[in-house]
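Asks: Here is how the chains run, residue by residue.
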Amino acid sequence: DSGVTQTPKHLITATGQRVTLRCSPRSGDLSVYWYQQSLDQGLQFLIHYYNGEERAKGNILERFSAQQFPDLHSELNLSSLELGDSALYFCASSPVAGGGSPLHFGNGTRLTVT
Amino acid sequence: DQQVKQNSPSLSVQEGRISILNCDYTNSMFDYFLWYKKYPAEGPTFLISISSIKDKNEDGRFTVFLNKSAKHLSLHIVPSQPGDSAVYFCAASRSGSARQLTFGSGTQLTVLP
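As you go down the protein sequences, you meet chains S and L in turn.
Numbering follows the working numbering, in which position 87 of the first sequence is assigned residue number 87; successive positions increment by one, without gaps.
Counting from 1 along the second sequence, just add 1000 to a position and that's the residue number in the working numbering.
Everything labelled a hint here was simulated from the structure, so no lab data went into it.
We treat Cβ as the ideally placed atom computed from N, Cα and C, and that holds for glycine.
Be aware that a few hints might be false.
[What the hints assert, rightly or not] Cut-off 30 Å, straight-line C-alpha distance, at most; resulting in silico cross-link-like pairs (DSS-like, lysine-lysine):
#	chain 1	residue 1	chain 2	residue 2
1	L	LYS1056	L	LYS1068
2	S	LYS9	L	LYS1005
3	L	LYS1068	S	LYS57
[Stated by the list, open to error] Facing chain L, according to a computed beta carbon distance under 10 Å, are these residues of chain S, among others:
#	residue
4	GLN6
5	ALA14
6	TYR33
7	GLN44
8	PHE45
9	PHE90
10	VAL113
Using the sequences and the hints, build the whole thing.
Replies: Structure (structure tokens):
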């Protein structure tokens, strides 16, 4: 158990809809990262928050947004969903903003858009 | 543009033998490399890492080798055990990038009893 909690585990929704994925980092970790894994591909970095502030953006679509709340949990909002958004979405956390310690991943949310 | 490549989608090895998983990268700015293991329905689990100032790092049965001139790293598992069967991801990052990892596409390792 990595200590990172993601909910829900599975989500099935229709095209055009909006969903929210939730992540609780490990106790004491200030950084939260979101990654997307499409079928048979590696994980693609989406966005990084540190202590409530956005630190970096990766390959995140404009239809997607995220935030980190004062209690350090984070939410990833996906809107105007398309079939191609179907993927595993992973959250990871670490104690710091920069280098030094590896990321610890949650078990992911499997999103299916029909 | 795939900056981190794992060219072998799968690898089968007999229990007790050595497993060698390979990874190539193209971005010379990468200076920190990691291996993650992933079981079905679980998130990736950190296995071992190496900084670019080293060429080898060992942790029990797992050893990572880094060849900077070839932009190549490998993970050796000796001896391999059936419980090692999983997807192995190579990942890389660079200083100042706040651990924004770039992942390879993964190699499915199957250790046969």
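Asks: Determine for every hint whether it applies to the structure shown.
Replies: Each hint tested on the structure:
1. The hinted pair formed by LYS1056 of chain L and LYS1068 of chain L meets the criterion: a straight-line CA distance of about 11 Å does not exceed 30 Å.
2. Distance check on the hinted pair: LYS9 of chain S and LYS1005 of chain L sit about 29 Å apart at the alpha-carbon level, within 30 Å; holds.
3. Taking the CA atoms of LYS1068 of chain L and LYS57 of chain S, the gap is near 27 Å; set against the 30 Å cutoff, the hint holds.
4. The criterion of a C-beta within 10 Å of any C-beta in chain L is met by GLN6 of chain S, whose closest approach is roughly 8 Å, and the hint holds.
5. The beta carbon of ALA14 of chain S is not positioned within 10 Å of any beta carbon in chain L (closest approach about 24 Å), and the interface hint is therefore violated.
6. A cut of 10 Å between beta carbons decides the hint on TYR33 of chain S: the least distance to chain L is about 7 Å, and the hint holds.
7. Evaluation of the GLN44 of chain S hint against chain L yields a held restraint, the C-beta minimum of about 8 Å falling below 10 Å.
8. Among the interface hints, the one on PHE45 of chain S holds; its C-beta lies about 5 Å from the nearest C-beta in chain L, closer than the 10 Å criterion.
9. Among the interface hints, the one on PHE90 of chain S holds; its C-beta lies about 6 Å from the nearest C-beta in chain L, closer than the 10 Å criterion.
10. Taking 10 Å as the C-beta contact cut-off toward chain L, the hint placing VAL113 of chain S at the interface is violated, the least distance being around 20 Å.
Comparing the model with each numbered hint stated earlier shows that hints 5, 10 do not hold.
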